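**Q** Got chain L; can you put chain W on it based on the hints?
Here the protein sequences line up with chains L and W, keeping their order. The opening residue of the first sequence carries number 6 in the working numbering; numbering runs sequentially from there. The opening residue of the second sequence carries number 2 in the working numbering; numbering runs sequentially from there.
Watch out, some of these pointers could steer you wrong.
What the hints assert, rightly or not - One-sided excerpt, in silico: chain W residues whose CB lies under 7 Å from chain L:
1. 61
2. 91
3. 95
4. 112
5. 114
6. 205
7. 207
8. 212
9. 217
10. 219
Hint data in this document are derived by calculation from the structure and do not stem from the laboratory. What you are looking at is a predicted structure, and each value in this text was computed from that prediction instead of being measured. Beta carbons: idealized from backbone N, C-alpha and C, even for Gly.
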Amino acid sequence: MATQATPAGGLRRLPAWPRRYLLAAVVAAWVLIWVFVQGRDTLQLGGAELTPLHVSVNEASEVIDNSRNENPFFLYFVNYIRLFLDESVTFVQALISQPSFGRPLPVVGWLGVVAVATAVALLWGNLRVALLTAIGFASFGLLGLWEESMDTLALTLAAVALSLLIGIPIGVWAGVNDRFDRLVTPLLDFMQTMPTFVYLAPLTLFFLIGPASATVATVIYAVPPAIRITAHGIREVRPATLEASTSLGATAWQSLRKVRLPLAKRTIVVGVNQTIMAALCMVTIAALIDAPGLGKTVVKALETLDVGSAFNAGLAIVVMAIVLDRVTSAAGRRVEDRHRAGRSRGPGRRRAEIGAVLAVTGVLVYLSHVYVWAAEFPSEANLGRHVRQGVDAATLWAQDNLAVYTGAFRNAVSYGLLNPFEALLTGSPWWLVGAVLVAFAAILANVRIVLVTAVCVALLVALGLWQDSMVTLASTLVATVLVMVLGVVLGVWMGRSDRVDQLVRPVLDAGQTMPPFVYLVPILGLFGATRITAIIAAVVYAAPVAVKLTADGIRGVAPSAVEAATAAGSSTWQLITKVQLPMARSALTLAASQGLIYVLAMVVVGGLVGAGALGYDVVAGFSQLQLRGKGLAAGVAIVVLGIMLERITRTAARRADAETHGAH
Amino acid sequence: MTVSRIGRPRAVALLVAAGLLVSACGGAKVGESGSGAAPAASGADGKKDCGAVNIAINPWVGYEATAAVIAHVAEKDLGCSVTKKDLKEEVAWQGFATGEVDAIVENWAHDDLKKKYIDDQKVAVSAGSTGNKGVIGWYVPPWMAEKYPDITDWKNLNKYADLFKTSESGDKGQLLDGDPSFVTNDAALVKNLKLDYKVVYAGSEAALITGFRQAEKQKTPMLGYFYEPQWFLSEVKLVKIKLPEYTEGCDADAEKVACDYPLYDLDKIVSKKFADSGSPAYDLVKNFTWTNEDQNLVAKYISEDKMTAEEAAEKWVGDNPDKVKAWLPTS
Chain L
6 MATQATPAGG LRRLPAWPRR YLLAAVVAAW VLIWVFVQGR DTLQLGGAEL TPLHVSVNEA
66 SEVIDNSRNE NPFFLYFVNY IRLFLDESVT FVQALISQPS FGRPLPVVGW LGVVAVATAV
126 ALLWGNLRVA LLTAIGFASF GLLGLWEESM DTLALTLAAV ALSLLIGIPI GVWAGVNDRF
186 DRLVTPLLDF MQTMPTFVYL APLTLFFLIG PASATVATVI YAVPPAIRIT AHGIREVRPA
246 TLEASTSLGA TAWQSLRKVR LPLAKRTIVV GVNQTIMAAL CMVTIAALID APGLGKTVVK
306 ALETLDVGSA FNAGLAIVVM AIVLDRVTSA AGRRVEDRHR AGRSRGPGRR RAEIGAVLAV
366 TGVLVYLSHV YVWAAEFPSE ANLGRHVRQG VDAATLWAQD NLAVYTGAFR NAVSYGLLNP
426 FEALLTGSPW WLVGAVLVAF AAILANVRIV LVTAVCVALL VALGLWQDSM VTLASTLVAT
486 VLVMVLGVVL GVWMGRSDRV DQLVRPVLDA GQTMPPFVYL VPILGLFGAT RITAIIAAVV
546 YAAPVAVKLT ADGIRGVAPS AVEAATAAGS STWQLITKVQ LPMARSALTL AASQGLIYVL
606 AMVVVGGLVG AGALGYDVVA GFSQLQLRGK GLAAGVAIVV LGIMLERITR TAARRADAET
666 HGAH
Chain W
2 MTVSRIGRPR AVALLVAAGL LVSACGGAKV GESGSGAAPA ASGADGKKDC GAVNIAINPW
62 VGYEATAAVI AHVAEKDLGC SVTKKDLKEE VAWQGFATGE VDAIVENWAH DDLKKKYIDD
122 QKVAVSAGST GNKGVIGWYV PPWMAEKYPD ITDWKNLNKY ADLFKTSESG DKGQLLDGDP
182 SFVTNDAALV KNLKLDYKVV YAGSEAALIT GFRQAEKQKT PMLGYFYEPQ WFLSEVKLVK
242 IKLPEYTEGC DADAEKVACD YPLYDLDKIV SKKFADSGSP AYDLVKNFTW TNEDQNLVAK
302 YISEDKMTAE EAAEKWVGDN PDKVKAWLPT S
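One chain only, chain L, in its complex shape (with noise of 0.2 Å):
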């Protein structure tokens, strides 16, 4: 972290509890200005309703459109990218998905698709996750759901190919390179954080309707972890064994190749790892233009709301992330083991356990090229049905029998805690909220962030959708809050507990991959059509990453500093709130500030389940004409409101890090 020297500004650094006093002491006199000028200043703007700048912006985006035919660098560039990717794609489909070659089935059926799969998890992986990985891929065709799940796997694993191809080099670059760095961090902040609506009817003007349209959107969301933590890995590698190599006479070249890249290599993985994930995140958004796979499965069957076969779908998509992520981080500990113990096994057994495999994987392979039998997933053993029939009675009877609960516990969270934050934070007017926001981040960050939460607030202003970004940070806030206590729960208990930790993770894989429709439908019947419900969505999806940074956080407490305590005569209580915890501070505000960015991806589907406000002006900009521009002011705002709180709260945990381990 040395990278980011803060400059040490004007501002003088305060210890830390006058720093709590002095942040009620803003919001006391907030609350208190609130009262007189409550409702002057608000910024209203109706549904309907257009800004000028709304307005240029629509008839910006038609120009381009209309120059389409005649611009040389669509001519000539992005159709022959189009092609390129269109191509790449139908090949993968070709070999696993969809019938090829004048045959009827695709080149390898389903028997060696799971040969192969298992046998790069048992090469580059274990065992563990190679009988991981062919249950999984043996469960693709179970739920009935085979030519689907191959057809999304060709997709990401393009999307990925794509990414990692792109995102590696830049990230290195980024690594060695710090004003490159600054350069490409707030690029990749507005790719990670602007709605993928905003630009999705676009992109297919550009790349046309197709697999290259929903790669390309897949990719977009896709690169940037991978970036970012090649960056990071690569800045990660400790000076003093650069030191030692420059010292040595290596040039730069040389100790990038021979030293920084070998050493970063495992954190590569782990942004391999990550990239897959956010390409999974992408599968049911890109069938909104006819990206083939499991996706459509769910669109479809929520245009009839059955949650059943939308649940279906989604399972497999949740299985087919948990296997790769298993597989890359297996890969990722197999590459650190190796490193650490040197090559300590025999080169000829090794080299005897690839050829077995490869043997076998070519028999299967070859098997399911000629037989119908190892080719076409056997349709007797669907226990899809099953699956359908389970969820939808338990569906039924949760909406019937738990909805006088469910709708208790929404009044009281709107009337108690929603409601009046709303209020003070759109009743207030602009130049206050603004003004407390500045404060904030004077007391909280550093002179730098102060000048960026001003220019924040400017152009949410500027945007002409202040009260809706004010309504969506209201929710953001209260779901950001709600993240954090099931991160601090979930976290400390599995932080401490490696069983624990075993049996939670799958559920915050499901959590973050299930595609939100289709718990939410279920949900909706639950609390309505409510900005409730869109906050429970923003947890499910955001909570899984607050809890495993916590958890990791935990599990990173110095073992004496514990065993000390315990010695000392600590209860578990006493263990938890004033060792555990305080220690892991920095991992804490790391998952604060995750979760939240988390909780703002999430804006434009709360838009969907009745949140209104920014997420529903970006829903209606991407399915009316003139409410374009509407929607794409929309999306920029939530990019702001991200930056804004993400700057924030990142300083304040660099700041918060720097204190903790200043005080040893």
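**A** Here is chain W on its own, set in the frame of chain L:
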């Protein structure tokens, strides 16, 4: 994993041998007759060549019903090879410009898109009505209409506003608006009719349907924006609220609207290229017309009887040969 490693190569050899044995025993081979998915027969009995047709599929069941029936007839009777593309409306219209969509077979007004692609860019043309009439309006669940018979007149809505209060609408009644794809005048309507209601944006059809379904089941009040033809109405027969009657031009100024929505004539839009191609599939799309009951039936096959769109279309076409015959191009 270390224990089993020594024996593995031998075990593997066994497996390979076993595998080869199985392959020697056989089983049906891919590509031989009777091997499941046979390639679709195209260009049946030498009729006029139809070629490829790209039909956009917008994401709602009624649309899918219409598209499936047209696709079925085009494939079986005209020997076309039909590609269905799942697209949101705006993206589908864009497809006319990029040449990737030939037909949209159920269009709800979308005057802005018509202006852009039919009048300005001249890449699309209208192919006439589908025969379906689209109704948009405010609805309440049937139990409410039964218990409060006068609720279906807008003039009485203020009397019942208290019933419709929710956590989202504060001290006013809630009017749940729906899918962002549809133009709504509801905010203006509420204001101009001086109703004590607040428009809350549900944001999706799924949210609206779930809302109405629960409202009927749990007997909770709900007032929301909805439309027909829609498959859900065969499950719960929602009751429409009477708003001040629509007259020509009463909705001209979006800010001052104080009347009901017009009856929409749902139509078909095709690309200029497709219309000029002389393909028999174009004639089929142009001639196609059926009633709301027809569409509701096919939609019911899909949504309630859980048939695939293809199965549903096949069943309906089998049951209605006369209607289908009228659509076929006269050669």
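**Q** Which hint numbers doesn't this structure obey?
**A** 4 and 9
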